Amino acid sequence: MADSPAATLQHAAYDSKIEGNVIFTQVDTAINWMRKNSLWPMPMGLACCAIELMATGASRFDISRFGAEVMRFSPRQSDVMIVAGTVTYKMALAVRRVWDQMPEPKWCIAMGACASSGGMYRSYAVLQGIDNLIPVDVYVSGCPPRPEALIDGLMKLQKKIEGEHSTLAQMKTGAAPVETEEAEA
Amino acid sequence: MSTASAVDIVQALQKEFGDAVLSTHEFRGEQTLIVSADKARDILAHCRDALGFDYLIDISSVDNFGSDPRWEMVYELYALDNGAKTHLRIKYVLSEEEKAPTVSDLWPTANWHEREVYDMMGIEFDGHPDLRRILMWEGYPYFPLRKDFPLAGKPSDMPDVAFTNAAPLAGGPFVTSPTSASTVHREPRSREMD
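Taken in order, these protein sequences are the chains called A and B. End of the first sequence = 189 in the working numbering, gap-free, step of one. End of the second sequence = 311 in the working numbering, gap-free, step of one.
Bear in mind the hints are in silico, worked out from the structure with no lab data behind them. In this text the structure is predicted, and so the values were computed from the model without any measurement. Beta carbons: idealized from backbone N, C-alpha and C, even for Gly. Treat the hints with care, since some could be wrong.
Distance condition first, Cα-Cα at most 25 Å in a straight line; then the derived DMTMM-like pairs of lysine to aspartate or glutamate [to be verified]:
1. A:Lys-94 <-> B:Glu-255
2. B:Lys-208 <-> B:Asp-222
3. A:Lys-94 <-> B:Asp-265
4. B:Lys-156 <-> B:Glu-193
5. B:Lys-156 <-> B:Glu-213
6. A:Lys-163 <-> A:Asp-135
7. A:Lys-94 <-> B:Glu-233
8. B:Lys-208 <-> B:Glu-189
9. A:Lys-94 <-> B:Asp-247
10. A:Lys-94 <-> B:Asp-277
11. B:Lys-264 <-> B:Glu-189
12. B:Lys-271 <-> A:Asp-135
13. A:Lys-94 <-> B:Asp-274
14. A:Lys-94 <-> B:Glu-241
Covered stretches of chain A, as calculated for chain B (at least 3 residues, CB under 8 Å) [stated by the list, open to error]:
15. 88-97
16. 123-129
The whole structure should be built from the sequences, with the hints applied where relevant.
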């Protein structure tokens, strides 16, 4: 068969060098796939839940299997804030400030009873759930939750990220990306 | 004096201060002195300087709400020189208008203890170098360990600093009652149900 320049151009899409390495997908799906497998947590460790959070990051449970091992102590490099522990009113606005410093898109996991609802601290000093201040994507029950529970919460968050339509919403409206928590509410 | 027993120390204090030591009692080998408020600082200074109580473990306060005088101050002293075998507890009562004398110049650790007493109970200290809140924030309007302050808290707001809301108690507080009956009787129950 003669290798005319015209034939090469015609069949460029079936080039044997790249055949099998090309997949077709949607932009949202691709972006969500990248986001969900590289969630950099902001470890907001405030009480005993932080110990379980550390265990989740350590070798036995190894949260890096889910791409979330890069604990960032700078909010500007973080994707998901894991609020692990009792949020006192004195700490609450500091948590809020760190959350505000995190760039979009961002997610929040309320880890344990205290972060979710104030837990056993029905008290003058404790914020009754971090969702009074910042939007929460996943609540993890437990006091403190086992590392498995936190990993399950992280997987639920990954499922949630899979279904987001941020790019599509942006293209349709021309507006800035819709805040994930409102879109998913 | 560091080898003296706790009983000897109590007797020495009674001899030194006479009527200012209102009463003494012993519980499981620990000596407690109830003293008069105006002599309390002198007695505490004497304990440190002459009796070797170089360690102030804690200062706490009691709210005897509904009775007068309302406040009771409690000082826990230890003498470390003799292997911390001597413990002494000194108490005195204060009415609501009175200020407590500071001991932060005697034991530097009293500085923060007294700030905590002020923060939680609202008792002020005469001569304290830096009487600010220590656990709650400056501007918080209440003293939360007073008996007339609700457990659930009260709403407050300091813009850009902190805010508080009343916590939902949902029928609580849920308290356990010691009993020799079954665990069913011991488990936490709402106080409202009784």
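How the hints compare with the structure:
1. Taken as a hint, the Lys-94 (chain A) and Glu-255 (chain B) pair is honoured in the structure, with Cα atoms around 11 Å apart against an allowance of 25 Å.
2. The hinted pair formed by Lys-208 (chain B) and Asp-222 (chain B) meets the criterion: a straight-line CA distance of about 19 Å does not exceed 25 Å.
3. Our distance criterion of 25 Å between C-alpha atoms is met by Lys-94 (chain A) and Asp-265 (chain B), whose separation comes to about 22 Å.
4. For the hint pairing Lys-156 (chain B) with Glu-193 (chain B), the CA-to-CA distance comes to about 17 Å; that is within 25 Å, so the pair holds.
5. At roughly 18 Å between alpha-carbon atoms, Lys-156 (chain B) and Glu-213 (chain B) fall within 25 Å of each other, so this suggested pair holds.
6. Among the hinted pairs, Lys-163 (chain A) with Asp-135 (chain A) is consistent with the structure: their alpha-carbon atoms are about 21 Å apart, no more than 25 Å.
7. Between the alpha carbons of Lys-94 (chain A) and Glu-233 (chain B) the distance comes to roughly 15 Å, so the proposed pair stays at or under 25 Å and holds.
8. Among the hinted pairs, Lys-208 (chain B) with Glu-189 (chain B) is consistent with the structure: their alpha-carbon atoms are about 7 Å apart, no more than 25 Å.
9. This hinted pair checks out: Lys-94 (chain A) and Asp-247 (chain B) have alpha carbons roughly 21 Å apart, not beyond 25 Å.
10. Taken as a hint, the Lys-94 (chain A) and Asp-277 (chain B) pair is honoured in the structure, with Cα atoms around 11 Å apart against an allowance of 25 Å.
11. Taking the CA atoms of Lys-264 (chain B) and Glu-189 (chain B), the gap is near 13 Å; set against the 25 Å cutoff, the hint holds.
12. Our distance criterion of 25 Å between C-alpha atoms is met by Lys-271 (chain B) and Asp-135 (chain A), whose separation comes to about 19 Å.
13. About 12 Å separates the Cα atoms of Lys-94 (chain A) and Asp-274 (chain B), which keeps this hinted pair within 25 Å; it holds.
14. At most 25 Å may separate the alpha-carbon atoms for a hinted pair to count; Lys-94 (chain A) and Glu-241 (chain B) meet this at roughly 23 Å.
15. Restraint check on the segment 88-97 of chain A versus chain B: 4 residues with Cβ-Cβ distances below 8 Å, three needed, restraint holds.
16. A stretch counts as covered by a chain when three or more of its residues have a beta carbon under 8 Å from one of that chain; for the segment 123-129 of chain A and chain B the count is 5, and the coverage holds.
Violated hints: none; the structure is consistent with every hint.
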